[in-house]
Amino acid sequence: MVYTDLLFFLCVLPFSVLLSFLDRSTEYKNLILILTSLLVFSWGKPFAVCLLFLTTAAEWIIARWIEKNKENGVKTSVPLIVDAIINLIVFFAFTSKFLYINEDAFGFLKALSSVGVMFYVLRGFSYVYDVYKGKIKAEKNIFCLLTYMCAYFFMPVGPVVRYGDMEPSIRKRSLTATSMNEGLNNFIYGLGKSVIIAPVLRKIGDAGLNLEDIIGCWTGAVCMLGFAYFLFAGFCDMSWGLAKIYGFDFKKNYRNLGVCGVYEGVIKSCGISLYEFFEEIIADLPQKYRKIMIIILSALTAIMFNQSLLFLLIGFIVGLVIIFEKTNLKEKLITMPTWIKFIYTYLISFVLFGGLFCDGFKNWGKWFVGLFGISNKYTLSVSVKYAMLNNIFVVIIAVLMILAPLKNKLIQKTERYAEKSVDNYGKLSIIKTILTALLLIACIIVITSANIQI
Amino acid sequence: MKEEKVNSEKIIDEYIMPADCEKSEQELEQISIEERKSHYTIINFFSLVIIILVAAAVFMLLTGEKRPVKIDNPLTLKTFLSGEYVKNLQESYVKSLPYPYELKNANEKLTYIYGIGNKVEKFKDDNDGLVIISDEEIEKEKISIKKNEEKALNNDSDEQDSEAEETTKKKTTAKKKTETGSQRVNTTTRRTTTAETTTTDETTTLTTTNNNPPNVTIKITVPPSITYDYGDSVAENDEEEN
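Taken in sequence, the protein lines are chains V and X. For what it's worth, my numbering labels the leading residue of the first sequence as 1, then goes sequentially. For what it's worth, my numbering labels the leading residue of the second sequence as 455, then goes sequentially.
Chain V on its own, in the form it takes in the complex (with noise of 0.2 Å):
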């Protein structure tokens, strides 16, 4: 179940917040959370509720173990190793389709499963990881973990939440109506960008990548790319939400795309929590094993998305980028200008990362060489014309929507705005809820329509 089902979204979801008001206590809400996170992850499978469990249980009793040792000076390295050779059978395990029965009406469970479990065993391992380092102590409430490790919110899209951080609400949270709203309101957003602006981009990109045309090479891979980015951004901005309605706070999963290099400017921004835990593992190790570390990392990383020998290659080629960006680029883009900054960021990033689109090597090669003109048929197809023309202004708004600096322009004005007076701050107010009720009024026909088969 994925929060676009409309069982999930109109059916679960109320009932397990309305659930949980029932009583204050933190157990109680995390009694509720659980049964419901099983409930999603169960939906068919029911198998997956006992990995789950053997798995929490694993982490549990290896990071006590860890920590018993460590007090009685031995190494506790090894357990630390099977713990992360553990979470790699879990991961393959998982996504062998275990968690899902069927597709969802948008075709996302394809995109997501992998992550979802990729976010899965990282979380698990991190908790065993920081075991290791000292920097928590090993939980003795098993249910504690459990709640850590199951809560549904962070399983599509991440984030990779340390349980040090997340100790402090599990044990105590309190709910406040701004941060219910707060949560609310960017459900809604992550909805809308899922549901609405995704699926026109893929439509747009389908037509594209029939590599029939030029523009359609070109158009194809950015709003693939474009879908791409707006799918795991609403994810993100959904459970980012859903954690506020429950009671919890962490750092959001994405930020504004960047023009500070591929690494930093693109795929740093798609994923902060996860490239900040790799970026600690490296930071442990020894200077001559870094590199190579780099690039293990980034190739699992990319075969975690797909398990496909295309996303592999691409995975060494980012690591070897990254490489190259850390020791020979750090400064120079640092002074580069803005617009260097910028062609070298995406120019890379698109070739990179537009061939992951393609369906195996031989056609990212014709991909590649269609960019260019050659092999194409025509300039621009009929079906890519239409594609675009038919969606031009939900394109338009997903353009404004990724230039930071605009954005970032227009939210400070209108916190100019607000700030004025208490009325300039209740019309917008009022603007903001008109259009999130008519945005979150589209989403439920969307996926209603989507839903309801002809």
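Hints were generated in silico from the structure; no laboratory data involved. A hint or two may mislead.
Claimed, not checked - Just a few of them, taken from the derived set where beta-carbon distance is under 8 Å, the chain X residues facing chain V:
1) C475
2) I496
3) L516
4) F534
5) G537
6) L557
7) G569
Stated by the list, open to error - Distance condition first, Cα-Cα at most 27 Å in a straight line; then the derived DSSO-like pairs of lysine-lysine:
8) K477/X - K385/V
9) K576/X - K600/X
10) K45/V - K549/X
11) K251/V - K135/V
12) K491/X - K432/V
13) K563/X - K203/V
14) K563/X - K45/V
15) K563/X - K385/V
16) K541/X - K413/V
17) K110/V - K549/X
18) K409/V - K491/X
19) K137/V - K172/V
20) K407/V - K549/X
21) K251/V - K491/X
22) K110/V - K477/X
23) K251/V - K110/V
24) K203/V - K477/X
25) K576/X - K427/V
26) K341/V - K110/V
27) K385/V - K413/V
28) K541/X - K45/V
29) K491/X - K420/V
30) K491/X - K203/V
31) K573/X - K203/V
32) K491/X - K252/V
33) K477/X - K420/V
34) K432/V - K407/V
35) K563/X - K432/V
36) K573/X - K563/X
37) K385/V - K576/X
38) K135/V - K45/V
39) K251/V - K133/V
40) K420/V - K341/V
Here the structure is a predicted model, which is why all the values come from computation and not from measurement. Each residue gets a CB set at the ideal place from its N, CA and C atoms; glycine is no exception.
For chain V, the structure is supplied; the task is to place chain X on it using the hints.
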């Protein structure tokens, strides 16, 4: 002196706010501003919650009419463990959504504003399920009705020569898979002709009656998107009848 006294009293009466009070006054003002702001937050929150709860209640309590809702879904250990039970549960929820045609039409209108050159498809209630009628089909529908009407009239004029009353039954098989329901057209002309065409899923019956009285009522009930093949298929049907 009195006046001075009064003046001095007046001066004394004027309240000079101590520094602490001024600070607390400012804080109070700040609190009132925050409170007013929080009202807007609550309005925002409750309006969104109400929309979600109303939608949830409507989708759970109401079901779409004329749609198959009941799915045989026994809860056994086997069906539960295989995931079939929840799959069927989800399916029955989706199938029982109320106002499916209205929601589809609303979605069509929504996608219309996504860009330039979008066409709105209309969804119409039908016993068999959802049916799409595009603008082109509506045009075809109109042409088809006109043709049928003309044919009925032509048949009448041919048969006007013979004085005897004649009834012809023609059965034609509808070629198109999609059927857009029946539409009734009433036309009154000067001739004494009654043409009645009734269409079901598989057959079409055309009844023509020629009478002497001066006024004629033509009643044609035709499925708009069905094309009538009066050639081979009619001949075949005639053979069948024979």
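Evaluation of the provided hints:
| no. | hint | result |
| --- | --- | --- |
| 1 | C475 | violated (23 Å) |
| 2 | I496 | holds (6 Å) |
| 3 | L516 | violated (13 Å) |
| 4 | F534 | holds (7 Å) |
| 5 | G537 | holds (3 Å) |
| 6 | L557 | holds (5 Å) |
| 7 | G569 | holds (4 Å) |
| 8 | K477/X - K385/V | violated (64 Å) |
| 9 | K576/X - K600/X | holds (22 Å) |
| 10 | K45/V - K549/X | holds (22 Å) |
| 11 | K251/V - K135/V | holds (19 Å) |
| 12 | K491/X - K432/V | holds (13 Å) |
| 13 | K563/X - K203/V | holds (18 Å) |
| 14 | K563/X - K45/V | violated (37 Å) |
| 15 | K563/X - K385/V | holds (21 Å) |
| 16 | K541/X - K413/V | violated (49 Å) |
| 17 | K110/V - K549/X | holds (23 Å) |
| 18 | K409/V - K491/X | holds (23 Å) |
| 19 | K137/V - K172/V | holds (18 Å) |
| 20 | K407/V - K549/X | violated (41 Å) |
| 21 | K251/V - K491/X | holds (25 Å) |
| 22 | K110/V - K477/X | violated (59 Å) |
| 23 | K251/V - K110/V | holds (26 Å) |
| 24 | K203/V - K477/X | violated (60 Å) |
| 25 | K576/X - K427/V | violated (38 Å) |
| 26 | K341/V - K110/V | violated (34 Å) |
| 27 | K385/V - K413/V | violated (36 Å) |
| 28 | K541/X - K45/V | holds (10 Å) |
| 29 | K491/X - K420/V | holds (13 Å) |
| 30 | K491/X - K203/V | violated (41 Å) |
| 31 | K573/X - K203/V | holds (16 Å) |
| 32 | K491/X - K252/V | holds (25 Å) |
| 33 | K477/X - K420/V | holds (21 Å) |
| 34 | K432/V - K407/V | holds (16 Å) |
| 35 | K563/X - K432/V | holds (23 Å) |
| 36 | K573/X - K563/X | holds (9 Å) |
| 37 | K385/V - K576/X | holds (24 Å) |
| 38 | K135/V - K45/V | violated (36 Å) |
| 39 | K251/V - K133/V | holds (22 Å) |
| 40 | K420/V - K341/V | violated (37 Å) |
The earlier numbered hints that this structure contradicts are 1, 3, 8, 14, 16, 20, 22, 24, 25, 26, 27, 30, 38 and 40.
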